[in-house]
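Visitor: Letter by letter, the chains look like this.
There are 2 protein chains.
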Amino acid sequence: MGKEDFLPSGTERLDQQLLFTAEIDKMTSVLRRTVLLDKSRRENDAEHSWHIAVMAQLFSEYALRPVDIGRVVKMCVVHDLVEIYAGDTFAYDVAGNAGKKEREDRAADRLFAQLPKDQGDNIRALWEEFDAMETDDAKYAACMDRLQPILHNTLTEGHTWVESGSNRAAVEKRMAPVREFMPKVYEWIDANIDHAIAIGWLKED
Amino acid sequence: MGKEDFLPSGTERLDQQLLFTAEIDKMTSVLRRTVLLDKSRRENDAEHSWHIAVMAQLFSEYALRPVDIGRVVKMCVVHDLVEIYAGDTFAYDVAGNAGKKEREDRAADRLFAQLPKDQGDNIRALWEEFDAMETDDAKYAACMDRLQPILHNTLTEGHTWVESGSNRAAVEKRMAPVREFMPKVYEWIDANIDHAIAIGWLKED
Chain A
1 MGKEDFLPSG TERLDQQLLF TAEIDKMTSV LRRTVLLDKS RRENDAEHSW
51 HIAVMAQLFS EYALRPVDIG RVVKMCVVHD LVEIYAGDTF AYDVAGNAGK
101 KEREDRAADR LFAQLPKDQG DNIRALWEEF DAMETDDAKY AACMDRLQPI
151 LHNTLTEGHT WVESGSNRAA VEKRMAPVRE FMPKVYEWID ANIDHAIAIG
201 WLKED
Chain B
1 MGKEDFLPSG TERLDQQLLF TAEIDKMTSV LRRTVLLDKS RRENDAEHSW
51 HIAVMAQLFS EYALRPVDIG RVVKMCVVHD LVEIYAGDTF AYDVAGNAGK
101 KEREDRAADR LFAQLPKDQG DNIRALWEEF DAMETDDAKY AACMDRLQPI
151 LHNTLTEGHT WVESGSNRAA VEKRMAPVRE FMPKVYEWID ANIDHAIAIG
201 WLKED
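These protein sequence lines are chains A and B, in that order. 1 is the number of the first residue of the first sequence in the working numbering; add one for each residue after it. 1 is the number of the first residue of the second sequence in the working numbering; add one for each residue after it.
None of these hints come from the bench; they were simulated from the model. Check the hints yourself; a few may be wrong.
Any copy, or any two copies together, can satisfy a pair, since identical chains are not distinguished.
[Claimed, not checked] Below, in silico cross-link-like pairs of lysine-lysine (DSS-like), each with a Cα-Cα straight-line distance of 30 Å or less:
hint : residue 1 : residue 2
1    : K173      : K117
2    : K101      : K173
3    : K26       : K39
4    : K101      : K117
5    : K203      : K100
6    : K39       : K184
7    : K173      : K3
8    : K184      : K26
9    : K3        : K184
10   : K203      : K184
11   : K184      : K117
Next comes chain A alone, as it looks inside the complex:
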């Protein structure tokens, strides 16, 4: 990146905001395991974050309790930012997920320090809220984060399930936030898990 070409504005705060904007362009090269629906290549974090932010405007009627969609959309577009330094951890990678929390905390320290403190604190708080999955907004955002890849899997012949040799228990565990907070949507997921097992995309055990 040509940050050496950056022309300072004369105001440190504005420079920090502009340079942070440039830094997060790196989300476009953090690759996920999911493939795009045309199977041309793996999806990246910027695309995934955008996709669930649109979805958040469509599925709130199935949430058990009302959510603040504007807040959720803000959360969706920043929920994976720390992966710029921590990398994407595949949902079904047990070993990778063991060190995930520490790796992401260090990444957050490094990333959010590049913003003016008030803004770094705000965005970090949104990310931490998402990660803790305790508020209804965070639960709903987490549901979008689960629903998008399962939709992709069902439309790409179970791509990541086949590639990783996943089984029913792992997918059901991953989808638990949807079962708990969006039971009507989970019925569709549940039918898809059965179907994926029947068709051989997913293992029963």
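Based on the hints, put chain B in the right spot on chain A.
Guide: For chain B alone, kept in the frame of chain A given last:
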């Protein structure tokens, strides 16, 4: 895309929402003229929409009047959806912009009809508000839509300016929303225009 593999939920409304979610994955293959900051490839509409949605959480202090950031973020992630069918029209392509409005209206008819009517109407209204640039939320969203590519250009040796042979007047016209609604940020843009001309990335006339 494997939509033929879609397992219906038994509820038409939920099916429409899920299939619309699948359809908009095509945003990842609508390419813009802008290149990513690592210059590896052209940016796509999903990435651009995500990027300005994060930016909307950073720059509101420079807006002349208060904006509703949650609403703006919602607008940012849907503002280019019609390009799935209408294609991206390069900002400095005069001929392409002549037929843009009609092309995008037809695309919107086709795209939003795939959603339940209430949701299609809501998202279309957000897009139309963005496009009309009359409300303060839309003006602010438009500023993000202008600031992101100019930041990219300044950090990629004026990539799209050089490629298209753009001149000062065209860039100043394109940046007018920032000049009017975020004058402090425009000072930085103005200095970059002068710098780009001095260094040969942009033509004076």
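Visitor: Hint by hint, note whether the structure agrees.
Guide: Status of each hint after checking the structure:
no.: 1; hint: K173 <-> K117; verdict: neither (36 Å within a copy, 34 Å between copies)
no.: 2; hint: K101 <-> K173; verdict: within (18 Å within a copy, 47 Å between copies)
no.: 3; hint: K26 <-> K39; verdict: both (22 Å within a copy, 11 Å between copies)
no.: 4; hint: K101 <-> K117; verdict: within (22 Å within a copy, 42 Å between copies)
no.: 5; hint: K203 <-> K100; verdict: within (26 Å within a copy, 49 Å between copies)
no.: 6; hint: K39 <-> K184; verdict: within (29 Å within a copy, 44 Å between copies)
no.: 7; hint: K173 <-> K3; verdict: between (42 Å within a copy, 26 Å between copies)
no.: 8; hint: K184 <-> K26; verdict: between (36 Å within a copy, 27 Å between copies)
no.: 9; hint: K3 <-> K184; verdict: between (48 Å within a copy, 21 Å between copies)
no.: 10; hint: K203 <-> K184; verdict: within (24 Å within a copy, 58 Å between copies)
no.: 11; hint: K184 <-> K117; verdict: between (41 Å within a copy, 20 Å between copies)
In summary, the one numbered hint that this structure violates is 1.
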